[in-house]
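S.K.: What follows is the residue order along each chain.
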Amino acid sequence: MKNRIDNQKWYVDNFNLFKSSNKNVFSTLSNKAIEKFKTLEFPTKKDEEWKYININPLLKNNFLPSSLSANSSVNLETIEEYTLDNLDVYRFVFVNGIFNSELSTGLDFGKDIIAGSLSNLLNKNDTRLEKLFDIKNKLQKDNNIFNLLNTAFLHDGFLLYLPKGTIIDKPFHVINISTGNNKLLNQPHNLIHLESNSKAEIIFEYVSEKATEHFTNIVTEISVDENANLNVYKIQNESPNAFHIENSNILQKNSSVVKHFSLSFGALITRNNINAELDGENVENNLYGLYLGNKNQQIDNHTFIEHIKPNSNSNELYKGILDDDAKGIFSGKILVQKEAQKTNAFQSNKSVLLSNKAISDSKPQLEIYADDVKCSHGATVGKLDQEALFYIRSRGVPLELARSMLIRAFIDDVVKEISIEQLREKINHTIFQHLKRVEF
Amino acid sequence: MIKIKNLHANVEGTEILKGINLTVNRGEVHAIMGPNGSGKSTLANVLAGHSAYEVTEGEIIFDGKNIIEMEPDERAREGLFLAFQYPIEIPGVSNSIFLRTALDEIRKHKGEPELTPKEFLSLLKEKAQILGMDTSLINRALNQGFSGGEKKRNEILQLLMLNPKLAILDETDSGLDIDALRIVSEGVNAYKSKDNAVIVVTHYQRLLDYIVPDFVHVLYKGRIVKSGTKDLALELEERGYDWIIKEQPETV
Numbered sequence: 001m002k003n004r005i006d007n008q009k010w011y012v013d014n015f016n017l018f019k020s021s022n023k024n025v026f027s028t029l030s031n032k033a034i035e036k037f038k039t040l041e042f043p044t045k046k047d048e049e050w051k052y053i054n055i056n057p058l059l060k061n062n063f064l065p066s067s068l069s070a071n072s073s074v075n076l077e078t079i080e081e082y083t084l085d086n087l088d089v090y091r092f093v094f095v096n097g098i099f100n101s102e103l104s105t106g107l108d109f110g111k112d113i114i115a116g117s118l119s120n121l122l123n124k125n126d127t128r129l130e131k132l133f134d135i136k137n138k139l140q141k142d143n144n145i146f147n148l149l150n151t152a153f154l155h156d157g158f159l160l161y162l163p164k165g166t167i168i169d170k171p172f173h174v175i176n177i178s179t180g181n182n183k184l185l186n187q188p189h190n191l192i193h194l195e196s197n198s199k200a201e202i203i204f205e206y207v208s209e210k211a212t213e214h215f216t217n218i219v220t221e222i223s224v225d226e227n228a229n230l231n232v233y234k235i236q237n238e239s240p241n242a243f244h245i246e247n248s249n250i251l252q253k254n255s256s257v258v259k260h261f262s263l264s265f266g267a268l269i270t271r272n273n274i275n276a277e278l279d280g281e282n283v284e285n286n287l288y289g290l291y292l293g294n295k296n297q298q299i300d301n302h303t304f305i306e307h308i309k310p311n312s313n314s315n316e317l318y319k320g321i322l323d324d325d326a327k328g329i330f331s332g333k334i335l336v337q338k339e340a341q342k343t344n345a346f347q348s349n350k351s352v353l354l355s356n357k358a359i360s361d362s363k364p365q366l367e368i369y370a371d372d373v374k375c376s377h378g379a380t381v382g383k384l385d386q387e388a389l390f391y392i393r394s395r396g397v398p399l400e401l402a403r404s405m406l407i408r409a410f411i412d413d414v415v416k417e418i419s420i421e422q423l424r425e426k427i428n429h430t431i432f433q434h435l436k437r438v439e440f
Numbered sequence: 001m002i003k004i005k006n007l008h009a010n011v012e013g014t015e016i017l018k019g020i021n022l023t024v025n026r027g028e029v030h031a032i033m034g035p036n037g038s039g040k041s042t043l044a045n046v047l048a049g050h051s052a053y054e055v056t057e058g059e060i061i062f063d064g065k066n067i068i069e070m071e072p073d074e075r076a077r078e079g080l081f082l083a084f085q086y087p088i089e090i091p092g093v094s095n096s097i098f099l100r101t102a103l104d105e106i107r108k109h110k111g112e113p114e115l116t117p118k119e120f121l122s123l124l125k126e127k128a129q130i131l132g133m134d135t136s137l138i139n140r141a142l143n144q145g146f147s148g149g150e151k152k153r154n155e156i157l158q159l160l161m162l163n164p165k166l167a168i169l170d171e172t173d174s175g176l177d178i179d180a181l182r183i184v185s186e187g188v189n190a191y192k193s194k195d196n197a198v199i200v201v202t203h204y205q206r207l208l209d210y211i212v213p214d215f216v217h218v219l220y221k222g223r224i225v226k227s228g229t230k231d232l233a234l235e236l237e238e239r240g241y242d243w244i245i246k247e248q249p250e251t252v
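Heads up: the protein sequence lines correspond to chains A and B, in order. Under our numbering, the residue at position 114 of the first sequence is numbered 114, and the numbers go up by one with no gaps. Under our numbering, the residue at position 240 of the second sequence is numbered 240, and the numbers go up by one with no gaps.
In case anyone wonders, no lab produced these hints; they're calculated from the structure. We put the CB at the ideal spot given by N, CA and C, even for glycine. Don't take every hint at face value.
Stated by the list, open to error - Computed beta-carbon distance windows for the label pairs:
| hint | chain 1 | residue 1 | chain 2 | residue 2 | range |
| --- | --- | --- | --- | --- | --- |
| 1 | A | Lys295 | B | Thr116 | 32 to 42 Å |
| 2 | B | Glu15 | A | Gln386 | 13 to 23 Å |
| 3 | B | Asn66 | A | Lys51 | 48 to 58 Å |
| 4 | B | Gly148 | A | Gln386 | 21 to 31 Å |
| 5 | A | Asn296 | B | Glu112 | 40 to 50 Å |
| 6 | B | Ser136 | A | Asp88 | 29 to 39 Å |
| 7 | A | Asn344 | B | Gly148 | 26 to 36 Å |
| 8 | A | Gly382 | B | Thr116 | 33 to 43 Å |
Claimed, not checked - One side only, chain B facing chain A, incomplete, derived with CB under 7 Å:
| hint | residue |
| --- | --- |
| 9 | Asp73 |
| 10 | Pro91 |
| 11 | Val212 |
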C-alpha cells in the first residue's frame, strides 16, 4: 500500500518539474490530467478490471519520465536491425518516447497531411492540432490512471492526420526504442485521425536496446471517419524486464474498416487495453491478438467493443502460447446498444499451454440491449494435440520441430491476416525465437 | 526386414497384444486381418511408436536394430512408415512444407544432401501423378478439408516421397470407394520393390485383390492365430472369422 502511495507521489513531484518547462497548447490538458491523477489510486487485484494480473512489481519502482532525463540516442545500425527486408516504409523513430529525425526517413509529405512527431507540431504551434484531434473533449470520460499519467506528461508521440481521400502508398513503421538507461518511463502519445475515404497502414514496434527495467506507458487515440481504412500492427518485443501498458481508443464512423493487431512477445508485464467505439453503420472492426509468454511473464489483453449503431460487424481473435510459469489473460467485453440492430459480433480466445505451470484466464462478457443480433464468444485452453504431434513425428520430424509446426499451425489464423508479407515472416521468426523453438 | 518376437503391449493398463510373433522379409507383402478389436491397429501403432501404447514384453528388430526404445521420429528416419487409418488435419502447415521437412530430415539421417526446391518439386509432381492428385492439394494445408479419399491418397503420396524400407498400411481401404481403392493400391504397388516390405492391416479382403499378399495372418485377441497364403484371405471373405474363432481354445 505504502509503495503505491509513494509511487504516485513520485510522479506528482516530477510533474512539477515537467510543468515548468512545458508551455504548449496541451498544457491545460496536462494540468487537468494530473489533477485527476491525484484523485485516483493505482489499481489492485480488488479492482475487477485488474483481478488476474499482479502489477506490484511495476508499482515498486519509481520511473523517471524520459522528458526529464538527458537525451539519448541510438546508432543507425541498431535501428536497421528492425527494418523489414525489402519493404519500403516511412520510418519514424522515437528514442525513449522522443522523436529522432536523424534516424527517421521519408518525412516529406504534402502540407495537408500531418505525419510525424507530436512534439514538433506542438513547438510549431500548429493550430490544426486542437481541432483535428478533439483535444477539448479528451479525458472527459477517462478514469484510467495510466492514461492520465501519460497525458499529464504529454510530450511526444506519433501523429498522423490524413485529409479526405488520402491513400498512403506504403506503411508507416513507427519504431519506439528504449535505450540502456534503467528505470526510465517512456510515454508515447499517439494520435491518428483518418478522414473519410483515406487509407493507411501503421506498424508500431516497441523494442528495447538492452534488458533494462523500464516502463512504457502508451496512449493511442485512433479516429477513423466514413469509409476510411486503417491497419494497425502493434508489435511489443521489449526487454524481458520491462513493463508495458497501452491504452488504445478507436472511434469508427460509417463503413470504416479497422484491423488491429496486438502482437506481444517481450516485457515482464504487458497490459493492452483497447476500447473500440463503433459509432456508425456498416462498420467493420477486427481485433487480432497474439501473445507468447515464457518464464514469469504476464500478458493481459482487455478489449471493449461498443456497437452503437445498426449493421456493424466486430470480430475478435486472440491467441496465446504460454510456457514455463507464464500467465495469459484475456478479457473481452462486447456491448450492443439498443439501437444497434443486426449487429454481428464474434469473439474467440484460444490458448495453448506448453507447461504444467502456465496459466490462462479468459473472461468473455456480452451485454446486449438489441434483440436482432448475432453474437458469440468462445474460449479454449489446451495443450498441443498429442495425436497431431505423433502424426508429424511418424514422418521423421524430430519432436522440437514437430512442436514448432503445431505452434505455427495454432497461430496461423491470426498470422495469415497480416497483409504485409515481410511482416508475416518477421512475426513467424520472432515466435520461434521467443519460444526457443526451431524454424522450418 | 522386421522381426517381431513375443510382443506384448498395453493401453491404459489393459493388455491388447498378447505375444505377437511375426517375421517379414525384404520383398514380401504381409496382410494382417482379423475381426474388430483384435488388436490390428494397436499393432500398427506400436510398431510406429505411439506413446499411448506401452510395450511390456518382447522385441521389435527392424533392419537389425531393436527399435522398442526409439522415438517415433527415429523409427521413421530408420525407414519405418505408418499410413494412418485416420490421417490428422493440421491447418496452418502446408502439405508441401510438411513433406519437404520430413524428407529433409530423413535424407539428413541417411547422409544424403537435401534436395533443391526444383528437385523436390519435380519429385513431388512425379509421385502425385501416380496418384492422380491435383497439385492444388499439395499446396493446401496438411489434410485440412480433404475428403476421406484425398486423405488416404495423401498418405500414399507421403509413402512414395519418403520411400521407407517398411510400409505399414493401417486400414488404408476404409472409407474408399472402388475407384479410389484402385488408385491408392496402384500407388502402393508403385512403391513395392524387392528391397522393401509392406504390412497391410485390413478388415476386408477387397484391398488384397489389388495389393496381393505373400502371407496372410489372422489376429484374434492379441495373438496371430492363423497364417496362410492369399487363399486364406479369400476363405475369410467367404466364411467370415467365426470358424477361426471357434477353433481357438477358450482363454481365461
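S.K.: Next, verify each hint and record whether it holds.
M.R.: Each hint, compared with the structure:
For lysine 295 of chain A and threonine 116 of chain B, the Cβ-Cβ distance of about 40 Å falls inside the hinted range of 32 to 42 Å, so the restraint holds. Under the hint 13 to 23 Å, the C-beta atoms of glutamate 15 of chain B and glutamine 386 of chain A, about 22 Å apart, fit the expected range. In this structure the supplied range 48 to 58 Å holds for asparagine 66 of chain B paired with lysine 51 of chain A, their Cβ-Cβ distance being about 55 Å. Separated by about 23 Å at the C-beta atoms, glycine 148 of chain B and glutamine 386 of chain A satisfy the suggested range of 21 to 31 Å.
Distance hint check for asparagine 296 of chain A and glutamate 112 of chain B: the Cβ-Cβ separation is about 44 Å, which falls inside the suggested range of 40 to 50 Å. The supplied range of 29 to 39 Å is met by serine 136 of chain B and aspartate 88 of chain A, whose beta-carbon atoms lie about 32 Å from each other. For asparagine 344 of chain A paired with glycine 148 of chain B, a C-beta distance near 33 Å keeps the hint of 26 to 36 Å intact. Hint check: glycine 382 of chain A to threonine 116 of chain B, Cβ distance near 38 Å, so the stated range 33 to 43 Å holds.
Hint status for aspartate 73 of chain B relative to chain A: holds, with the closest Cβ pair at about 4 Å, below 7 Å. Interface hint at proline 91 of chain B: satisfied, since its Cβ lies 6 Å from the closest Cβ of chain A, which is below the 7 Å cut-off. Hint status for valine 212 of chain B relative to chain A: violated, with the closest Cβ pair at about 26 Å, above 7 Å.
Checked against the numbered hints above, the structure breaks only hint 11 and satisfies the rest.
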